[in-house]
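Engineer: Sequence:
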Amino acid sequence: MGLFSHLRDSGIVPDVFLSLNIIGSEEWWERNVRSYLFWEFGKPPDVVIEIVSPAPGNELGSKLTDYAELRIPYYVVYDPLQKLSQTVLQVFQLYGSSYIPKNDAWFADVNLGLTLWNGVFENLNGTWLRWCDADRNVIKTGDEIAAEKNAEISQKDTEISQKNAEISQKDTEISQKDIQIKQALLLAIEMGLKLKFGDEYVEILSEISKIDDLKLLEALAELCVNNRFSNSSDVLNG
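In my numbering, the protein residues as written are 11 to 248.
Source of the hints: derived by calculation from the structure; they are not laboratory data.
30 angstroms max Cα-Cα, derived DSS-like pairs, lysine-lysine:
1) Lys112 / Lys93
2) Lys220 / Lys206
3) Lys225 / Lys192
4) Lys159 / Lys173
Work out the full structure, taking the sequences as your base and the hints as a guide.
Structural biologist: In C-alpha cells form, the structure reads like this:
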C-alpha cells in the first residue's frame with residue numbers, strides 16, 4: 011500500500027506501516043483503495059518499517075529523508091541478514107525535521123514496541139520481528155489466540171472426560187461391591203435354607219436370587235441364619 015501526502019505525490023511504498031485510531035476501508039484488498047491518503051485519514055502513519063533485502067533499497071539513505079519529510083514519528087530498519095551493518099534492528103525517531111537514532115524499540119506515543127522473537131510462526135521456526143507490549147510480551151495474532159482457545163477447550167474436554175471416567179469407575183466399584191454383598195447374603199441364605207428344607211432349598215433360593223434389594227436380602231439372611239421361619243412361604247414373604 012502506497013503512502014501519499016498530497017494529490018500530486020508520487021507516493022512511497024513501505025514494507026510495513028502502522029497507523030492507529032483511523033477507520034480503514036472494509037474492502038482494503040481492492041486495488042482502488044490500496045493507498046494511504048494522508049488527507050483522508052487525517053494523519054501520517056505512526057510507524058514505518060523497511061525490511062532490508064539483498065537488493066539495494068536505500069533504507070539508511072534516501073528513505074530516511076523521505077519518511078522524515080512525511081512527518082512519520084518512527085522509522086525502523088529491520089536487517090535480518092545484516093546487509094547494512096551488524097545491527098539487526100535500527101530505530102529512528104523524528105526530531106524536528108529529521109530522524110535521530112533511538113536506543114530502544116518502544117514507541118511510547120502508540121503504546122507498542124517491536125521485539126525479536128524466536129519461535130514458530132506460520133509453521134516456520136526462526137527469529138521474527140513482532141509487535142510487543144511494554145513488558146516485551148508479543149502481541150498475539152488472531153490465529154495464535156484461536157489456537158490458545160482451542161487448546162483450552164481441548165484441555166477442558168479432557169478434564170471432563172477424566173471426571174466422567176472417574177465417576178464411571180466409582181459406579182463400577184459400587185456395583186461390584188453390591189454384587190459381592192449380594193453373593194455373601196445369598197450364601198448365608200443358602201446355608202440356612204439347606205439346613206431347614208434340605209433339597210427343597212434349591213427352588214426357594216432360585217426365587218430369592220432374583221431379588222436385587224440388598225436390605226431385603228439382608229433381612230432374609232437374618233431370618234435364615236436365626237431360623238425364624240416355619241415353612242418356605244415364610245421365607246418368600248419375608
